[in-house]
Structures are given as C-alpha cells and as structure tokens.
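Asker: One line per chain: the protein sequences are S and Z, in this order.
My numbering numbers the first residue of the first sequence as 49 and each following residue consecutively.
My numbering numbers the first residue of the second sequence as 2 and each following residue consecutively.
Source of the hints: derived by calculation from the structure; they are not laboratory data.
A virtual CB, placed ideally from N, CA and C, is assigned to each residue, including glycine.
Check each hint, because a few of them may be wrong.
[Said to hold, decoys possible] Quick list of the computed label-pair ranges, beta carbon to beta carbon:
1) S:D348 - Z:G51: 17 to 27 Å
2) S:T77 - Z:G17: 17 to 27 Å
3) S:E402 - Z:G77: 22 to 32 Å
[Stated by the list, open to error] To list a few chain Z residues with every Cβ distance to chain S over 12 Å, as calculated:
4) M2
5) P8
6) N16
7) R24
8) S29
9) A37
10) A50
11) N58
12) L68
13) G77
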Amino acid sequence: MNLAIPAPAATAPDFVPGFDGIRCRHCGTGAPTGPRFVCTSCFGPLGATYDYARVAAHLTREAIASRPTTIWRYAELLPVDEPAGRGLAVGSSPLVAAPRLAERLGLRRVWVKDDSRNPTLSFKDRVVAVAAARAQAFGFHTLACASTGNLAASVAATAAALGLRAVVLVPADLEPAKIAQAAALGATVVRVDGPYDAVNRLCLELTDELDGWAVVNVNLRPYYAEGSKTIGFEIAEQLGWRAPDAVVAPIASGSMYTKIARGLAELATVGLIEARPTRFIGGQAAGCGPVAAAFAAGTDVIEPVDRPRTIVKSLAIGTPADAVPALELARGSGGSIEGVEDQAVVAAVRLLAETEGILTETAGGVTVGALQQAIERGIVGRDDEVVLVISGNGLKTLDALVAGVTPTADEPIAPTFDAFEAWWSSREAAA
Amino acid sequence: MGRVRIPPVLRDTVNGSRELPARGVTVSEILTDLFAIHPQLGNRLSDDAGRLSAFVNVYINGKDIRLLDGIATPVGKEDVVILLPAMAGG
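Using the sequences provided together with the hints, build the complete structure.
Answerer: Structure, rendered in structure tokens:
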C-alpha cells in the first residue's frame with residue numbers, strides 16, 4: 049500500500065515514452081503536437097498514436113506494479129512525454145466484488161469499478177489529469193470546459209492543485225450540488241441558458257475566438273480522451289492481468305465507452321494481457337439516447353436530440369461526438385447499447401445501494417439498468433464475469449434519487465424510547 | 002444577406018476570412034456557392050459525391066440544421082450560418 053503520492057522523479061523512473069504524436073483518426077494525416085483537435089486535411093477528429101513495439105519492449109507488469117497507485121503508472125500508453133509530477137491523486141479506484149448484486153441479477157461474478165471515489169467523485173479526474181498535463185506543457189494558464197457537472201468539478205480541482213485558473217461553462221439547470229462543488233473549488237462558473245449541446249458549441253466558438261484557453265474537452269480532446277483508457281488498464285491489472293467477459297459503461301459522448309475497450313486492446317497489443325473477446329454494453333438514458341436509438345434501428349445515422357428529457361443530466365448529450373465508434377464497438381463486440389427509462393434508473397441506483405452499499409449518481413443507475421436489460425436480451429449470461437463501470441458518486445445527484453422516496457420517519461419522533469418503540473412497531477406492522 | 006462563419010482551421014482555404022457572405026436562400030445553395038468560389042473548402046468539407054462531411058455540423062443562429070430541414074433549410078438576410086467540427090461531449 050502506498051501511503052503518500054511521491055514527488056515527480058519517483059513516479060516512474062523506468063519510463064520510456066510510447067506516445068508517437070497525434071494524427072487524424074479518419075484519414076491518418078499527422079498533425080503537430082499541440083492544442084488542436086481537427087484535421088486540417090479532412091476536418092476529422094485528431095487522436096493520439098503510440099509506438100506499441102517500443103512500449104512492448106520496455107513495459108512489464110512488474111514495472112507497473114512497482115509504481116505509485118495513480119493513472120501515471122501507465123504513462124507509456126498515455127499521450128505525454130513524461131509522467132505528470134503534480135496534480136490530484138487520480139486512479140487506481142477500487143474494483144469491488146459485488147456478490148449480492150450478482151445474485152439478484154442471476155450472475156455468477158459481478159465487479160464494480162468504483163470511479164465514484166476519485167478525487168472529485170467521478171471518472172472525469174482521469175481525463176482532466178491528462179489534459180492538464182498537456183495544457184501545462186503547452187504553456188496555458190487557464191483550464192476551461194463545457195460540462196454537465198462532473199467535468200466542471202474536476203477541472204476546478206485540478207486547476208487549483210496545479211495553480212491554474214479554471215473557467216467552467218454549464219447548462220443553467222444543472223444540479224445545484226454540481227455547480228456548488230465547482231464554485232467552492234475556486235472555478236469561475238458560467239451558467240448558460242441552454243442544453244449541454246449549446247454550451248459545448250459555445251466552447252467550440254470560444255476556442256476559435258480566444259487565445260490561451262485550454263478547453264480540455266475541445267482543443268485538448270486528443271489528449272483528454274486518452275485518460276479513459278486507464279479505466280480499462282486498471283480493470284485488467286486488478287483482475288490479475290486479464291480482461292473480463294463483459295464491461296458495462298454509460299454513454300454520453302461515447303468517448304469513455306470506446307476508450308475502455310481501446311485500453312484493453314492496447315494491453316493485448318503490447319503483450320501485457322492475452323487478447324480475448326470482451327463484450328461492451330453501453331447505457332444511455334431513454335430520454336436522451338441517440339446512440340441507443342441508432343443501435344436499436346440498426347443504423348449508423350444519428351438523429352440529434354434537441355431537448356433531452358431525463359433526470360440523467362450527465363448523459364444528456366444530444367449530438368454525441370463518438371456515436372459511430374460506439375455503435376461499431378457494441379456491434380463488433382457482440383454487446384449492445386441500451387436506453388434506460390428514468391424510473392428504471394432510480395430503481396437501479398437503489399438496487400446497487402441496497403445490495404453493495406455503493407451510492408452512485410443517475411448515470412450509474414443507467415449502467416446497472418443497462419446490464420439488467422442486456423441480461424434480459426441474452427447478451428450477458430449467468431456464467432459471464434461482468435465489470436460495471438460506476439462513473440460518478442450519488443451525492444452529486446441526490447435530488448433526482450430521493451424524488452419519490454418516502455422518508456422513513458415523516459415526522460420527527462420524541463427523544464424517548466417509548467416514542468421510538470411506538471413508531472417502530474407501527475412501521476413493522478405496516479410493512 | 003446572411004453570413005457564414007468559417008472556423009479557424011479552415012480559414013486558410015478562404016484567404017483567412019472569418020466571415021463570408023451567404024449567397025443563396027437555402028444552406029445547400031449557400032454551400033454550393035461557397036465551394037465554387039473556394040474549391041479547397043469544398044474539398045475539406047464534402048466527399049467525392051458532393052455530400053457534406055459527417056465531421057461538420059452546420060448551425061443557423063445556433064440551431065443544428067439536422068433539427069430543421071437539413072441542407073434545405075432556408076437562410077434569411079439576418080441569419081448567421083456557423084460551420085463547426087462535429088465534436089460534442091464532456
């Protein structure tokens with residue numbers, strides 16, 4: 049067990065960079081390493097590349113195991129020229145066995161990858177850590193983002209830990225807890241009158257109009273997105289260097305879902321695990337499920353959702369950037385993309401809470417709900433070993449979770465044993 | 002006449018202009034006109050069959066044209082057409 053996160057030189061003394069620049073994910077044209085995200089040749093998205101042969105020659109399981117418990121233990125497969133020295137203590141979230149949940153679902157083995165325990169209580173700390181490392185390398189002084197909440201908190205905290213300024217733009221109707229968290233961490237919070245997609249579009253325009261702004265999920269996206277691979281890396285390492293039968297993850301843009309698969313694939317490519325056919329199940333909220341709808345319709349054409357209508361605000365992306373890769377992954381791996389209704393989301397959160405004591409946010413309910421649907425569909429079977437990626441903490445969306453839940457003591461009881469006994473007996477009788 | 006805003010990464014194809022006049026009454030007419038004057042812009046944004054690339058989203062006054070009438074959406078004199086990379090997600 050590591051008791052402290054050490055200083056820079058100690059993070060990975062045997063590190064040999066694997067990052068090999070950014071190039072277009074569509075046409076392959078290279079681009080100079082810098083704050084850019086669009087191919088100048090075909091307008092496609094830029095992505096990070098790696099020299100897998102070099103990584104395979106140098107990186108061993110033992111080397112990784114000897115490093116501190118942060119995402120930087122996998123630095124050779126992250127888009128950096130050196131492991132980051134400062135920042136939040138991100139990664140190595142617990143992989144928790146969930147036998148009571150498994151029993152309720154009729155499965156033999158279920159694990160919860162509990163990213164609700166990251167520094168700002170969501171998986172976003174991973175992607176922001178990578179983006180921030182690059183932002184500093186490029187000399188930026190301000191970290192910014194468009195966010196449905198979790199990203200804003202992570203940007204705020206990461207910027208604070210690194211001594212950068214944070215400016216976060218959010219839809220005005222975001223859960224108050226998420227807005228308060230970012231503000232309390234020192235960020236300038238800009239509430240925008242529109243859905244997430246309008247906020248994102250505004251941020252795209254900001255990167256066009258303003259110099260010196262590192263908008264982590266826009267002009268640093270090729271680096272940012274890579275952080276989610278660490279979820280896959282950790283799952284494999286925590287299972288003893290192997291991939292599970294199925295992984296279930298929520299889909300907003302589709303980036304995290306596809307990058308987890310990419311992480312597992314890269315470990316196989318560099319010889320750290322055996323390649324095997326893992327099925328990837330994605331979950332969306334039915335009230336904003338353009339990728340789930342396209343999956344169900346058997347098409348690649350995404351119909352944007354103009355007005356998301358769901359309590360799952362963190363997945364309310366009407367025009368997801370990675371929808372097509374997500375569809376390809378679901379279909380190619382024998383998985384699926386499920387649309388989960390709000391009622392089922394809340395029930396699923398309660399199920400996870402009451403069987404395993406893990407309180408996740410609404411997006412986590414989508415994930416558990418998606419697994420339930422995949423089981424019904426026959427995509428996941430009794431003998432499968434399944435990992436549920438629980439991406440955010442339930443304290444972030446308490447209002448949505450408790451709506452409709454009757455408190456167990458409507459009126460306060462007097463502080464006497466008689467009063468308690470009377471109330472308890474009447475409750476037991478009513479049950 | 003309406004205006005078309007060009008993202009920085011494409012401005013080299015239009016002599017560095019940030020905004021260009023939108024000549025035409027629909028998105029389709031405007032883009033056809035634009036690509037005729039600036040063929041390199043057309044190369045970047047459309048495929049061989051002349052279809053608009055899936056990597057570009059077109060907005061009229063902030064509204065995605067896929068939620069309107071697609072490239073048949075009418076464009077008025079006060080309207081601003083914005084071309085942006087199709088990148089959305091946190």
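Asker: Going back to the hint list, which numbers does this structure go against?
Answerer: Hint check: 3, 5, 11 and 12 fail, others pass.
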